[in-house]
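Going by this note's numbering, the sequence shown opens with residue 54, and the numbers climb by one from there.
Derived from the structure by calculation, the hints contain no laboratory data.
Treat each hint with caution, since some may be false.
Cross-link-like lysine to any residue pairs, in silico, SDA-like; alpha carbons within 25 Å at most [unchecked claim]:
hint, residue 1, residue 2
1, K81, P125
2, K89, R226
3, K89, T230
4, K81, M117
5, K235, K151
6, K151, A181
7, K235, I204
8, K153, N142
9, K89, E180
10, K119, A75
11, K235, Y134
12, K81, F206
13, K81, Q110
14, K235, S214
15, K235, E205
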Amino acid sequence: MAQNLESTATLLAKVRAGDLEARDYLFKLYLPMLQKWAHGRLPPYVRDLSETADMVQNTLLSAMNKIDSFQPHREGAFVAYLRTCLLNNIRMEIRRFKSKKDKTQLPDTEPVDPNTANALEQAIGMEAVENYEQALMSLPDNAKEAVILRIEFGYSYPEISAALSCSSANHARMVVTRAIYKLTQHMS
54 MAQNLESTAT
64 LLAKVRAGDL
74 EARDYLFKLY
84 LPMLQKWAHG
94 RLPPYVRDLS
104 ETADMVQNTL
114 LSAMNKIDSF
124 QPHREGAFVA
134 YLRTCLLNNI
144 RMEIRRFKSK
154 KDKTQLPDTE
164 PVDPNTANAL
174 EQAIGMEAVE
184 NYEQALMSLP
194 DNAKEAVILR
204 IEFGYSYPEI
214 SAALSCSSAN
224 HARMVVTRAI
234 YKLTQHMS
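Model the full assembly from the supplied sequences, consistent with the hints where possible.
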């Protein structure tokens, strides 16, 4: 993974220059990662309008079409950008569903399914998730990217080190630890 991350800036430059192979490679590189992260994030009551896999593909296509306006400051920035785009699309889909909910009433509670990636969201509620998102946005970019890469995408410390240009895996671990500490302070 670290080798792939190191080449992201180069691939982005090639995509901007019109290289379709680089675009396809970026798509293949980030599609599984976003699918894993997005799994279960779209609430079950919305899934009849849009499947998560479709949303991930649309997010990637949209991001690729807007690549000229994206300016990466470091390798992990593209992952954070894709995550933000996907979250925005999920929120937009939920709003679209809620605007149509007059036709069908949303149940008061959804059963918690421990097999879904958003079981935590179901258990602690959207308020806590929104609190997490707000606290995450208050962090500096480097800290935000460290948290996203470690917690949400499951990167190892060597991978985070490569993505954030840290001097070592131990340095990446400290960046993550400090970022999580700041995150918890903002959440409390």
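Structure-based check of each hint:
{"no.": "1", "hint": "K81 <-> P125", "verdict": "holds, 19 Å"}
{"no.": "2", "hint": "K89 <-> R226", "verdict": "holds, 23 Å"}
{"no.": "3", "hint": "K89 <-> T230", "verdict": "holds, 23 Å"}
{"no.": "4", "hint": "K81 <-> M117", "verdict": "holds, 12 Å"}
{"no.": "5", "hint": "K235 <-> K151", "verdict": "violated, 34 Å"}
{"no.": "6", "hint": "K151 <-> A181", "verdict": "holds, 20 Å"}
{"no.": "7", "hint": "K235 <-> I204", "verdict": "holds, 14 Å"}
{"no.": "8", "hint": "K153 <-> N142", "verdict": "holds, 17 Å"}
{"no.": "9", "hint": "K89 <-> E180", "verdict": "holds, 23 Å"}
{"no.": "10", "hint": "K119 <-> A75", "verdict": "holds, 15 Å"}
{"no.": "11", "hint": "K235 <-> Y134", "verdict": "holds, 21 Å"}
{"no.": "12", "hint": "K81 <-> F206", "verdict": "holds, 16 Å"}
{"no.": "13", "hint": "K81 <-> Q110", "verdict": "holds, 11 Å"}
{"no.": "14", "hint": "K235 <-> S214", "verdict": "holds, 19 Å"}
{"no.": "15", "hint": "K235 <-> E205", "verdict": "holds, 17 Å"}
In this structure, only the earlier hint numbered 5 is contradicted, and the remaining ones agree with it.
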